[in-house]
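Protein chains in written order, with my numbering: chain P, 19 to 370; chain E, 29 to 393.
Hints should not be assumed to be uniformly reliable.
The calculated label-pair distances, taken between Cβ atoms and stated as ranges, are [unchecked claim]:
| no. | chain 1 | residue 1 | chain 2 | residue 2 | range |
| --- | --- | --- | --- | --- | --- |
| 1 | E | H102 | P | D67 | 43 to 49 Å |
| 2 | P | E232 | E | E350 | 56 to 62 Å |
| 3 | E | Q375 | P | D67 | 18 to 24 Å |
The calculated DSS-like cross-link candidates involving lysine-lysine, where the alpha carbons are at most 25 Å apart (straight line), are [claimed, not checked]:
| no. | chain 1 | residue 1 | chain 2 | residue 2 |
| --- | --- | --- | --- | --- |
| 4 | E | K78 | E | K52 |
| 5 | E | K302 | E | K315 |
| 6 | P | K97 | P | K85 |
| 7 | E | K256 | E | K313 |
| 8 | P | K268 | P | K297 |
| 9 | E | K187 | P | K97 |
| 10 | P | K146 | E | K389 |
| 11 | E | K41 | E | K270 |
| 12 | E | K41 | P | K97 |
| 13 | P | K146 | E | K388 |
| 14 | E | K150 | P | K146 |
In short, the hints are calculated from the structure, not lab data. For each residue, glycine too, the CB sits at the ideal point set by N, CA and C.
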Amino acid sequence: MTTLDLHPATIENVPQPDFSKPLPPREGDRIIQFREALKEAMSHEMRQDERVFLIGEEVAQYSGAYKVSQGMLEEFGPKRIIDSPISENGFAGMCTGAAMYGLRPIVEFMSWSFSLVAADPILNNVPKMLYMSGGQWGCPIVFRGNDGAGGQLGSTHSWCVEGLFANVPGMKMAIPSNPYDAKGLLATAIADPDPVFFLESERMLGDKAHVPEEQYYIPFGQARLAREGDAVTLVSFGRPVNFCLEAAEKLAEEGIECDVLDMRTIRPLDIDSIIASVKKTNRVVVVDQSWPFAGISSEVITQICEHCFDWLDHQPVRVNTEDVPTPYAKGLEYAYLPNPERIAAAVKNVLA
Amino acid sequence: MTKAATAAQGNSKSRLSDKLPDAKLLEWLRSMQLIREFETRTMQAYQQAKIGGFCHIYSGQEACAVGTIGCVEHDDPVVLAYRDHGHALARGMDPKACMAEMYGKAAGCAKGKGGSMHMFDKPNWLFGGHGIVGAQTPLGTGLAFAARYEWEVIGSGKKKVALCYLGDGAIDQGAFFEAMNLAALYSLPVIYIIENNGYSMGTAIHRHSANSDNLLARGEAFGITSVKIDGLDILNVYDQFKPLVDECRDMQRPAFVDFKTYRYQGHSMSDPQKYRTKDEVDQYKQKDSIANLLDHCMSVRNCIDEDGWKEMRTEIAEIVREAVQFSENAADPDPSELFTDVYANPQPNLSPTATYAHGKKNPLL
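Next up, chain E with everything else stripped away, as it sits in the complex (with noise of 0.2 Å):
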């Protein structure tokens, strides 16, 4: 068993995460608390007709995002599938951007080109939320293939994990086999993150993938480092997830997790929800992530009262309300932006009707 399986198994005594500052913890509840509100608002908008197209709700997973992207350096490549708003935050994008893209606004993320489900952010080295389930999977096993390159072909780069994540629903997909298998062969530092919150849009894990009680086996089955990890607790995730972190930056390898979560609205907002029970959803809302960290930063740390706890959220409330406010009055994309970006290297007659030009960078990014 290496060295991250065996720390995966946890231990009650002492604790990874009992090291870090309370500062840290803090930061994640603020975290946490923002992709929770700002998701509140989100939804708000959308039911508006503000936003439109496919929308996915990531509300009840946050510490999957907080907690995962929390044990990693600002320069490690993070690619996403399209519950992608949470980590896009958790990465550091502006909430202004965010809610921007969604408005289809000219200072969204994408310029208003992405939408809800193509959050890109490349100072924050974020490569996509994307539509495609399990597309994402062969890119992120890139992402850690061109990282591993720059390290040792072309000297100039350091030693890298990239973040590759992805639903329960992705690991039926063909792309998401071949993708485990390059990263095996080729020993390429990708963790592949499945957030598996029990459903595939509105198929349970049980109905839509075989043997589902013991998906490590996938991850094994290629020789990959595979570890389950409750992921409704951050302070779980870090003990657990940054040893396999560190051990994947180091030997440059790839990780396999099985990251058990919970979602709490639908699977889009045109979900009606009526594979799952009420009382289930209750149940998990018991356990909630953001109430879990809070107690213990109130009864264990003693670094948060409840005023802490009142002002730290009319301030995220305020936040994502300028969020709002700022895509409401944002501008449109400029009609010329259409043709933009199309190519890196316009020419002419590249398409009958079109004449492509170089786009504005986002003053926002």
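Chain P with its partners taken away, still in its complex shape (with noise of 0.2 Å):
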């Protein structure tokens, strides 16, 4: 039986995943969907540690929201997969106390959209405890949900937090965009002594891919080359990544190779990655979800700036969401959110 860690503040007593060891391969035979990916993660490490249970609206008996925890119930019981009351704020500040303690919880938001009713225990509780305390009570905690533009759900459901909340000094932001690194980067949140805001995306728990079955965990800070150019360096963080994916395909058609970057996480950053493709390209867009003003695409060009500015032939270019509440026409939408068009029109600019 695991004993409860009381000092999470401390990374000796603090069992790390095993980074050295090479990741399971990417391609093979087991096909499953992102949302299980998250779950595999999810029940693998509630099986290696009893300090780690589940907690959110609607997770237990009706299997999740969007089925994510589908059948967690039944493998751990009401004890440790728990339905929460419609309460963020109430139930994301419990589980701040409850990490504090020594727990591990993973607090499901149905949507991070929910989750500004809960600013003050995750914003101005969680990141700053470790710190605000001198180092004596850290806040190991996980929390995950559906993050982005959903589906015509309007502006209040479609928030993209990272913009905002990535802001804050003392949490890591993991952000996957397929269900291999759904899966790896999740384990490592969990296992992670820091609070991490792990960002999913509703539009995406029905994509499938090889996942292996074994656990892995994907360490934070390291992007992956999704594909390989010479032309432009497209940067990207979870959906987005396909859609510039989709626009390198097209563009490869038209004899434009580019690298595309899936960074993976946010906080932190693998900007020695993006220096490098960018010593290569010498030309980039970056692709966030987020809007433009002061966003996540805003810090990456900004840290490129203050990197490599010399090695860029074209000043730096940017596609975020529209600088607009979202809207619910789908047309619209689809306009608002980065997409592969516009995705492909910016790198025809950088090279023009």
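Take each chain as given, in its own frame, and dock them per the hints.
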């Protein structure tokens, strides 16, 4: 039985995943959905560590509003798979206290849009607790849920919180773009002694890919070079990585080959991989599903300018969601989001 | 009516506190006087600009911290609002660590990173003072959740009770209603102690909270055992609070306490107190909790006399003087501490401008 570790603040006492082992192959026979990959990561960690539990709206009896936790109630029982009332401020705060005490909560927000009513615990308590207590009480907690436009959900339900939340020091932020990474990054998030904001996408939960059965841990702060080219560097996070790949595919038909970097985590940000790619291509487009003003793309471009300004043959260009509240109408929503057409146009722009 | 609620009605003939040994009462007297003296010196240091930021003085409310903490075990988790020096001392924090924290020194309980409103003491199971009004109420609920989980699911703990303190100003926060709902729903052993000093900063309770004559209705609305306690008499605090703690621990369920008390100083050090009269303050000072207990010890228990009391006060004054002296002379935090304790697992590239590291452990804790 796992003993209750009351010293999350001291890394020496916290078992870390073995990052030195090579990751299992990305290609293989077992094809599962993004949501199943998430469930496998959580279930494996819960079997390893009794301090880990899952709480959120509809996660237990309903099997998850998006069926991510399907079957987990049956395996782990109602003391560890816990239905919460619609009370984000309450249960996010409660889990903050539980994490300080030494448990490892996984808090599911049905949508990150709903996390805004829990701003005080998740922004004002969780990332600051270790510092404010002089290193005494940490918060090993994972907040996870759907981020970004779901599909005509309108303005209040379509938040991309990364631009807003990544501003706060003390937390880590992961944002997978595919089922393989979803499993490996979530496993790392749960094992990490720091608070992790884990951003999924409702639109990707049904995506299928090869995912190994065994547990594996993808290190934070290591981007994946999803496609190789020499003309332009495309830097992206989460779901829009797939739009970048689509755009790159089309551009390749015209002889334009792009490096596509799937950043996988926002904090830490693998700026080293970006620099390496920019030094090769000398041109960069940052694709970010949050708003442009003071957002993730602004940060990435700032860091590019700080580190490899002289290597640029064209000013950095960004593709964000348009700087307006999220519209409802299907066509407007499509035009609002980063999409392959806008990305391809941006690439051609930096090559012009 | 529950056992605790029945006990809360009080019984003038035989009191639970009658069975307490003299030594316990003297310990409480000492602890309350330590807080009173400590806060007096805190005000002086603040006025001399040795202490910065916001600073909230606990004088007048001592029977609450000392009495309630006197009813629980050392490893029961405790979480506080920002008027937190008194509880920290009652919990056993070294007065030097407490004062040094306010001085912003490396030997402070949070190494000078927390300040007056954020007193943390891991060895004493103190999960912090918290600066945002009501923010600590879900946290306290979570401490109870974790303690129950440790006992029930992991099977490695024992039955605990979490104490969650808040002022009457915090009872209007939505977070508190959500916290109570969760505590009742999941049957969590947390006691919400509303230190009702009658004012939310400068707004009297009848001006900030509806139905303020009947705060118990708020706990009862969630089916939580709710008790009103006269918090100026520490023996009465023990008589009513101890059975409540025992019940919450045993049954693993929450409680709500409307704890009537009074603060002698302003809300913070910058409060001109135009919302109340000097007469009102003086009237409460007539019912002072330290004088009350001293009187009981002298005339009922005969366990201390004037000389003994004088000796105790002198000794305490010396301890506090030493804490101030220590803080005056203590080292400032090393500049490198700016970047420590941000992450338990610091990694490269977490920040565009900072490189994080592990902090040193505070030798006083």
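A quick look at each hint next to the structure:
no.: 1; hint: E:H102 / P:D67: 43 to 49 Å; verdict: 27 Å, violated
no.: 2; hint: P:E232 / E:E350: 56 to 62 Å; verdict: 59 Å, holds
no.: 3; hint: E:Q375 / P:D67: 18 to 24 Å; verdict: 21 Å, holds
no.: 4; hint: E:K78 / E:K52; verdict: 35 Å, violated
no.: 5; hint: E:K302 / E:K315; verdict: 22 Å, holds
no.: 6; hint: P:K97 / P:K85; verdict: 19 Å, holds
no.: 7; hint: E:K256 / E:K313; verdict: 21 Å, holds
no.: 8; hint: P:K268 / P:K297; verdict: 24 Å, holds
no.: 9; hint: E:K187 / P:K97; verdict: 16 Å, holds
no.: 10; hint: P:K146 / E:K389; verdict: 17 Å, holds
no.: 11; hint: E:K41 / E:K270; verdict: 18 Å, holds
no.: 12; hint: E:K41 / P:K97; verdict: 45 Å, violated
no.: 13; hint: P:K146 / E:K388; verdict: 17 Å, holds
no.: 14; hint: E:K150 / P:K146; verdict: 16 Å, holds
Of the numbered hints given earlier, the model fails hints 1, 4, 12; all others are met.
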